[in-house]
Amino acid sequence: MNARSPRHPDPFVAAVAGAIDRHALLAPAAGAVVAVSGGADSVALLVALALLAAEAHRG
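Counting along the sequence shown from 1, when you hit position 40 you're at 388 in my numbering, and nothing is skipped either side.
It cannot be assumed that every hint is accurate.
Claimed, not checked - Pairwise CB distance ranges (calculated):
no.	residue 1	residue 2	range
1	P359	A404	25 to 31 Å
2	A383	R355	26 to 32 Å
3	H405	P357	14 to 20 Å
Since the hints were made in silico from the structure, they are not lab data. Note that the Cβ used here is the ideal one computed from N, Cα and C, for glycine as well.
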């Protein structure tokens with residue numbers, strides 16, 4: 349499974365992955381800077397992006 353696959357077991361992470369792929373937001377192996385306000389929504393997005401990055405590094 350592609351690390352950014354919309355079939356991720358967590359529905360929120362799958363939605364984030366799908367949006368990244370659908371809108372071509374990141375090139376393969378690209379880095380990203382993420383601003384986090386500390387609110388629940390930005391922390392959830394940070395966690396989702398961290399999970400996707402870890403999966404991408406694992407293969």
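**Request:** With respect to the beta-carbon atoms only, verify the hint that A383 and R355 lie 26 to 32 Å apart.
**Result:** Taking Cβ atoms as reference, A383 and R355 lie about 28 Å apart, which means the hint holds.
**Request:** Starting from the hint 25 to 31 Å, judge whether the C-beta atoms of P359 and A404 obey it.
**Result:** violated (19 Å)
**Message:** Taking the Cβ atom of H405 and the Cβ atom of P357, is their distance within the range 14 to 20 Å?
**Reply:** holds (18 Å)
Checked against the numbered hints given earlier, this structure breaks only hint 1.
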